[in-house]
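Chains as they are written, first to last, in this note's numbering: chain A, 1 to 564; chain B, 1 to 386.
Heads up, some of the hints might be wrong.
[Stated by the list, open to error] Here are the computed lysine-lysine pairs in the DSBU-like style, where the Cα-Cα straight-line distance is at most 35 Å:
| hint | chain 1 | residue 1 | chain 2 | residue 2 |
| --- | --- | --- | --- | --- |
| 1 | A | Lys-512 | B | Lys-70 |
| 2 | A | Lys-249 | A | Lys-328 |
| 3 | B | Lys-84 | B | Lys-222 |
| 4 | B | Lys-96 | A | Lys-539 |
| 5 | B | Lys-103 | B | Lys-61 |
| 6 | A | Lys-502 | B | Lys-122 |
| 7 | B | Lys-327 | A | Lys-512 |
| 8 | A | Lys-158 | A | Lys-86 |
| 9 | B | Lys-122 | A | Lys-517 |
| 10 | A | Lys-517 | B | Lys-96 |
[Unchecked claim] Stretch by stretch, here's where chain B covers chain A in the computed footprint (C-beta under 8 Å, at least three residues):
| hint | region |
| --- | --- |
| 11 | 508-522 |
| 12 | 535-541 |
If you are wondering where the hints come from, they were derived from the structure by calculation, not from laboratory data. For clarity, every value in this text was computed on a predicted model and none was experimentally measured. Yeah, the Cβ is synthetic: ideal placement off N, Cα and C, and Gly gets one too.
Take a look at the letters that make up each chain.
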Amino acid sequence: MAEANQLFKEFKIQSVSEFFRRNAAMLGYTGKVRSLTTVVHEAVTNSLDACEEAGIPPYIRVELEELGKEHYKVIVEDNGPGIPEKYITHVFGKMLAGTKAHRNIQSRGQQGIGISGAVMFAQITSGKATRVITSTGEEIIEAWVKIDVDKNEGKIVKKEKHLNPKGWRGTRIELEVKNVRYIRSKQGVYWYLKLTAIANPHAQIELIEPDGKLIVFPRSSDDVPKPPIEMKPHPRGVLTDDIYRMAKKTRRNSVKRFLIGEFSRISEKKVDELVKYIAALRLIQTEKDKSVQEQLYERLMKGEVDAVLRSFRGYTKVVKQVAKLMEKPPEKLTWGEAEEIVEAFKYMKFLAPPTHGLRPIGEENIEKGLTGILKPEFVTAVTRPPKVYSGGIPFQVEVGLAYGGEIPNGFEVLRYANRVPLLFDAGSCVTTLAARSIDWKRYRVDDLERTPLILMINVISVHVPYTGTGKQSIASDEDIYNEIRLAIMDVARRLQTYLSGKHRRLSQVKRKKTFQKYVPEIARALSILVGVPEEEAAKYFISFIESRFADIKESTPSEVSENA
Amino acid sequence: MPKRKAIKRERPKEHFSYDPQKVLRKLEEYGKRVLENIAQGKNPYFDIPMRGLSNVYFDEKKRVIRMGDKLSRRYFLNVAHARKFMQTLLIMAYVKRLVSESKHASLREAYYANKHTIPGTKENTFEDQRESDPIIEDLERMLGVLREEMHLTADRRGYIYGDIVIRDGEDEFNTSKLGRGGWAVPGTVEHLQFPKINVDYVLVVETAAMADRLIEEKFAQKENALIVATQGQASRGVRRLIHRLHYEEGLPIIVFTDGDPYGWYIYSTIKQGSINLAYLSDKLATPEAKFVGMTMDDIKRYGLENVTEKLKGIPPNKKGGPTGDYKRIIEEMDYPWFKNKEWQRQFKMALKMGVRIEQQALANKSLEFVAKEYLPEKINRGDLLP
Chain A
1 MAEANQLFKE FKIQSVSEFF RRNAAMLGYT GKVRSLTTVV HEAVTNSLDA CEEAGIPPYI
61 RVELEELGKE HYKVIVEDNG PGIPEKYITH VFGKMLAGTK AHRNIQSRGQ QGIGISGAVM
121 FAQITSGKAT RVITSTGEEI IEAWVKIDVD KNEGKIVKKE KHLNPKGWRG TRIELEVKNV
181 RYIRSKQGVY WYLKLTAIAN PHAQIELIEP DGKLIVFPRS SDDVPKPPIE MKPHPRGVLT
241 DDIYRMAKKT RRNSVKRFLI GEFSRISEKK VDELVKYIAA LRLIQTEKDK SVQEQLYERL
301 MKGEVDAVLR SFRGYTKVVK QVAKLMEKPP EKLTWGEAEE IVEAFKYMKF LAPPTHGLRP
361 IGEENIEKGL TGILKPEFVT AVTRPPKVYS GGIPFQVEVG LAYGGEIPNG FEVLRYANRV
421 PLLFDAGSCV TTLAARSIDW KRYRVDDLER TPLILMINVI SVHVPYTGTG KQSIASDEDI
481 YNEIRLAIMD VARRLQTYLS GKHRRLSQVK RKKTFQKYVP EIARALSILV GVPEEEAAKY
541 FISFIESRFA DIKESTPSEV SENA
Chain B
1 MPKRKAIKRE RPKEHFSYDP QKVLRKLEEY GKRVLENIAQ GKNPYFDIPM RGLSNVYFDE
61 KKRVIRMGDK LSRRYFLNVA HARKFMQTLL IMAYVKRLVS ESKHASLREA YYANKHTIPG
121 TKENTFEDQR ESDPIIEDLE RMLGVLREEM HLTADRRGYI YGDIVIRDGE DEFNTSKLGR
181 GGWAVPGTVE HLQFPKINVD YVLVVETAAM ADRLIEEKFA QKENALIVAT QGQASRGVRR
241 LIHRLHYEEG LPIIVFTDGD PYGWYIYSTI KQGSINLAYL SDKLATPEAK FVGMTMDDIK
301 RYGLENVTEK LKGIPPNKKG GPTGDYKRII EEMDYPWFKN KEWQRQFKMA LKMGVRIEQQ
361 ALANKSLEFV AKEYLPEKIN RGDLLP
């Protein structure tokens, strides 16, 4: 336990820039294209979060200036609430070194270090401070921010104040970065912003590319989403480190109070149960015979904790020992005891975690986002109810589908985790696997690769299970995989209904033509048979057809492709 | 001195009834109904009696194959019907022109006359004669008139020879005075009239070779018979002619075919009509027709064992059987009109002996044998199968 403490301290002391370099991959600063995207991502995320917290519909403008070879200035401006002067260093300079910020909250930030990482990246590639211009509506503050790598905190190297006659409010940051490249690839800034715009229909996002071209992703919804709520962690979703760290910080006066107060689904009764489980686990460890040990673990898993305890002589002593543990102050909790608690949680049964803190985009807003950016012919979305994976971590899946219109032929999956676009490692992502596992032919999509079809999949969770350090691909957890599949099948069924309707309308028009083309022949024959003038007979037939097909508009079907 | 004969001309049961106006009236009536429907905003249709085995039954009383009363309704406003609806009207208009101009057209001519590209499309009114032929059959059933009455002619095949006078338009002739070739029966016999009949019965002969033999042997003159050569399966014209000679002129019909399943089927068609043309049985079939030969009994009685031929196919008691002739015989045994003692016996004998006997096999005795002995004997003795 002492070692762990030591480790933690050492981590803090370690050079921040060294830490940054070592963890570049984890932080998203690998590759020239991706590094630039990450810088933009951190800035835009900050802006979106700030606007949402203040309930302001975001207006975000991203500008890229090419200063030289692989040398850019990144400017991100928003209409957010602005940053009060004293918080500037806190926002841009605080590096949460060592352990990641383990808040039990759904957040856009994946990397844990946010915008300060971007400031750091600018600093170590170009040596320049980051220029911040911000106002809460009063005076305008212009500050140049750097990170003091020794103290691990922000430092304002230069500051100016300006009058704000027009009452401008918001934040503009300018970062100079080297070793990056702008290209319009699917890993680049353009694509990132486009995907961000789809998942954030309440935001107006503009991009000025290095060549001066302005691209606007317009706002399509007026509802600013409510910020997510922090939820108490569920026993099944915590690691030893979490308990250990939280125990150090808590104000509760006993381990028991701490467990009941800081975690969800833990009651007094559960703590009593926990004591028994920990005691049982300790006792089982003392068992020499491996096969007997295995059996006991199995029985414990089945909930036969009392029976397991009774099989050991003098078990009450152990139980009492453990019970004592629960009464000691939480800060005295050792690493080993925290480990025991987590181990015992695995054997216990808990109610599913609360899900009220999750903030999905919502079906309506997904549809708006897809419509606004992609201009499809058909759009639909499904937000599944919250579910739980690996026993204790709530998550929720949303899937939007856009078809036809301005979408080019070809199938594409837009992947998101907590509304943040995932641009890398698509192949191994659970969303891709789920999308590919669907038998699209059943939904009237005969040739997937030549159908103008886009799926947007958003996985929301307090802890999205990423694969690898890049955090660009979601692990193939079975619960998540199944939820995504169900959601896709749901939207695919709606697409099927739409396509069938379209075919029906199309065939109605075809049918009408079938009848119309025979009218002249029939009229001539009738005129010979009965002596009625051809035109008169034709008139009867045409008005008859018209009356039977009155409700069909002839314009719709022209854009229908046959493979639809 | 006149020989006593078993076969004599009877009283006619039907009368000459050809009336071109009837077709015209019907066409106009159907056309008017379509026009009325459409003018009232109703989906116009034609009711067409259904074709095929499912709508065919054997009328025990009249002893003919008849069409059932199943109708199929052909609508204009139905994707599956529209084209046929149009085609039906096209042919109706064409028939009207033919009949009112007293012209006749073959089925192929009717097809070409009505085939054209529909304006504004790449579609033809008729793509194939296989489209127009069924429409004509539909019209026959729907209007209850013969194709011939609509001036659409059938294949012509078959000829007649005998002392009767036929009036065909402006021509009048005796079919025994046209040389040994006789008179070829046209596709349409509807308008023919018979001013003079000097025969006692009609002998329908399957093969032209046998008919020619009988003509050469002066069988027609000696026996007072009209020889009708069908040349295989009887054409519609021949069948209609046989029907008219029987019902309008009272002539008994005696059929003479090979003794094999194919010959018996020719007889069956003449007598009861065919499944394809069940709706015309009233006009084409002659249930009173009788069968003179070849029968299985003839083989033994006339000592023809050496001139029989083996039946083709596998017998029913052998592996894989019955096939070929055997299968055909077994099918015919099941026809309701063959369900009588005499015919069942014939079929059983054929199956047992495994042989067939051709008309020409009688030449084994002598060329004149069939005309001088075989036929007169059997017919005058009344040794006929029902």
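Right, here's what the structure says about each hint:
no. : hint                  : in the structure
1   : A:Lys-512 / B:Lys-70  : 30 Å, holds
2   : A:Lys-249 / A:Lys-328 : 15 Å, holds
3   : B:Lys-84 / B:Lys-222  : 54 Å, violated
4   : B:Lys-96 / A:Lys-539  : 23 Å, holds
5   : B:Lys-103 / B:Lys-61  : 38 Å, violated
6   : A:Lys-502 / B:Lys-122 : 25 Å, holds
7   : B:Lys-327 / A:Lys-512 : 50 Å, violated
8   : A:Lys-158 / A:Lys-86  : 14 Å, holds
9   : B:Lys-122 / A:Lys-517 : 11 Å, holds
10  : A:Lys-517 / B:Lys-96  : 23 Å, holds
11  : 508-522               : holds (count 8)
12  : 535-541               : holds (count 3)
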